[in-house]
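Asks: The listed protein sequences correspond, in order, to chains A and B. Heads up, the first sequence is in this note's numbering, so the first residue is 1 and it goes up one at a time. Heads up, the second sequence is in this note's numbering, so the first residue is 1 and it goes up one at a time.
Treat the hints with caution; some may be incorrect.
Stated by the list, open to error - Subject to a maximum C-alpha distance of 30 Å in a straight line, what follows is the list of computed DSS-like cross-link-like pairs (lysine-lysine):
(1) A:LYS24 x A:LYS71
(2) B:LYS60 x A:LYS48
(3) A:LYS46 x A:LYS71
(4) A:LYS24 x B:LYS60
The hints are simulated quantities; they were obtained by calculation from the structure and are not laboratory data.
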Amino acid sequence: MTTLYERLGGAAAIDQAVDIFYRKVLTDERINGFFDDVDMERQANKQKAFLTMVFGGPNQYTGQDMREGHKHLVARGLNDSHVDAVIEHLGSTLAELGADPADIEQVAAIANGARDDVLNR
Amino acid sequence: MATLRFDGQAVTTQDGETVLEALLRHDLAVPHGCRSGVCQSCLMRAREGVIPATAQAGLKPALAEQDYLLACRCVPEADMVLELPAAGSLRTPATIAAIEPLGGDVIRLRLTPDTPLDYRPGQYVTLWRDARLGRSYSLASLPDEGQSLEFHIRVIADGQFSGWLAGEARPGDRLDVQEAAGSCYYTPALREANLLLVATGTGLAPLWGIVREALRQGHQGEIRVMHGAVGCEGLYLHQALAELAEAHANLHYHASVLRPEGCTAVDTRPLDELVVETIGDFSGWHSYLCGAPELVNQLRRRIFLAGARMDAICADVFLPTAPAKT
C-alpha cells in the first residue's frame with residue numbers, strides 16, 4: 001500500500017507544488033500580506049516544509065513549532081478565513097497537478113488538523 | 001544562553017544572540033561584513049560544540065565538513081569553542097596588477113594570485129587588505145582567460161577598502177584573496193535555456209563573467225543583458241556590451257538610465273519595467289539578478305509571479321558593509 005506522500009509524487013512533486021502554491025498565495029490579496037517576507041528563498045523553504053507536512057511526508061513539525069511560528073501573524077490578525085484561503089489554494093494546486101479528489105481531501109484534513117495550533121488557540 | 005570560548009576569552013551569549021553579536025559586544029575583533037550570511041567574511045571554525053544548520057547554509061560542503069560556520073548566522077544552542085580560520089588556510093596572497101577607471105565612480109582592479117584561484121564566473125571572493133579588513137567583491141573574469149582576477153569596484157569616498165584602492169594602493173601591493181563562494185554561475189546544463197542577466201551598478205561584474213562564459217561554452221538559447229544606472233557614466237560597460245551583442249546573434253543588450261543626457265541607445269523606463277515588459281512570460285527563462293537589494297528582491301518576486309520557476313532565479317544582493325547595531 002502506498003502512502004499519501006508517495007501517491008502525490010514525493011519530494012519531486014513538492015518542488016513543483018511549491019512554485020504553483022506560492023504563486024497563488026502571493027497573488028491572493030486576502031492573504032499575501034502575511035507572506036511579504038522579502039527573502040523569497042527563505043519563504044519558499046517554509047512553504048516546502050509546510051507542503052511536505054500536509055502531503056504526509058517526512059517532517060519534524062510539532063504543534064509547538066506551529067504555534068511559535070505563527071504567533072506574530074496571529075498578532076497581526078491571522079484568522080480562520082486566512083487558513084481557509086490557504087487550504088483552498090492547496091486544493092487547487094493539487095488539482096492542477098492531477099491529484100485525485102480523495103487525496104486532496106486528505107491533504108485538506110491534515111492542514112485543518114494544524115488550524116488550532118496555527119491560530120494559537 | 002551559551003558560553004563561547006574564543007581567543008582566550010569566555011563570552012556568554014544572550015537569548016537569541018548570534019556568535020558575531022556576542023563577540024562584538026565584548027569588543028573582540030572578529031572580521032565581518034554583511035551580517036546576513038552572504039559575504040562569508042565572518043567565517044569561523046568550531047573546535048567544540050554543536051553547529052546549528054543555519055550557521056552553515058551556503059557554505060561549500062568541504063568547509064561545512066570541517067566545522068566552519070558563519071558567526072552572523074550562528075545562534076548557539078550550547079557551549080562552543082571557536083577560532084578564526086588559520087591564516088593562509090583559505091586565503092591566497094595576490095599582487096595588484098592594475099587599478100584603472102572604468103567610468104563614473106567604478107574602478108577595475110586586476111589581481112594576480114600567487115597560486116591560481118579555483119572559481120566559476122559569477123562567484124565572489126573576500127579581498128583582505130590585512131588580517132581583519134576584508135570586503136566581498138564579485139569576480140568579473142573567467143578562469144580560462146588566465147590567472148588574473150578582475151573586479152569592478154564602486155569607490156566610496158571614505159570607504160576603508162575601496163577608498164584605499166582608489167587613493168593609496170599601487171600595482172605591486174599585496175592583498176589576500178579568500179576562496180570563492182556563491183551559487184550564481186553558469187553551468188552547461190543551461191546551454192539551451194534563455195538567460196536573463198539583470199544588474200544595477202557594479203552588479204554587472206559577475207554578469208560580465210557569466211555572459212562571456214556562456215558565449216565561450218557556445219550557449220544556444222537567447223541571452224539578454226540588462227544594466228541599470230542613474231546616469232550614463234554608470235553604464236561602465238556600455239560600449240563593450242554593445243560590441244559583444246553585435247558579434248553574437250543570440251545576445252541582446254539593454255541599458256536603462258534615469259538621466260539619459262549624454263548617451264545613446266538607452267531606455268528610460270525603470271529597470272524593472274524594462275525587464276518585465278521585454279520578456280513578458282518568464283517560463284523557460286533562467287534569471288540572474290545582481291545589485292541593489294530593493295530592485296533584486298522586487299524583481300525576483302515579479303519574475304516568479306510572471307512564470308519563472310523559483311529555482312530558475314538566481315539572486316545576488318549586493319549588501320553594503322553593515323554598521324554595528326547600536
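Asks: Holds or violated: A:LYS24 and A:LYS71, Cα atoms, limit 30 Å.
Replies: The hint holds at about 23 Å.
Asks: Would the hint linking B:LYS60 and A:LYS48 be met if the CA-CA limit is 30 Å?
Replies: Answer holds: B:LYS60 to A:LYS48 is near 23 Å, not above 30 Å.
Asks: Compare the distance between the alpha carbons of A:LYS46 and A:LYS71 with 30 Å, and conclude whether the hinted pair is satisfied.
Replies: holds (15 Å)
Asks: Between the alpha carbons of A:LYS24 and B:LYS60, is the straight-line distance 30 Å or under?
Replies: The hint is violated at about 33 Å.
Hint compliance for this structure: hint 4 is the single one not met.
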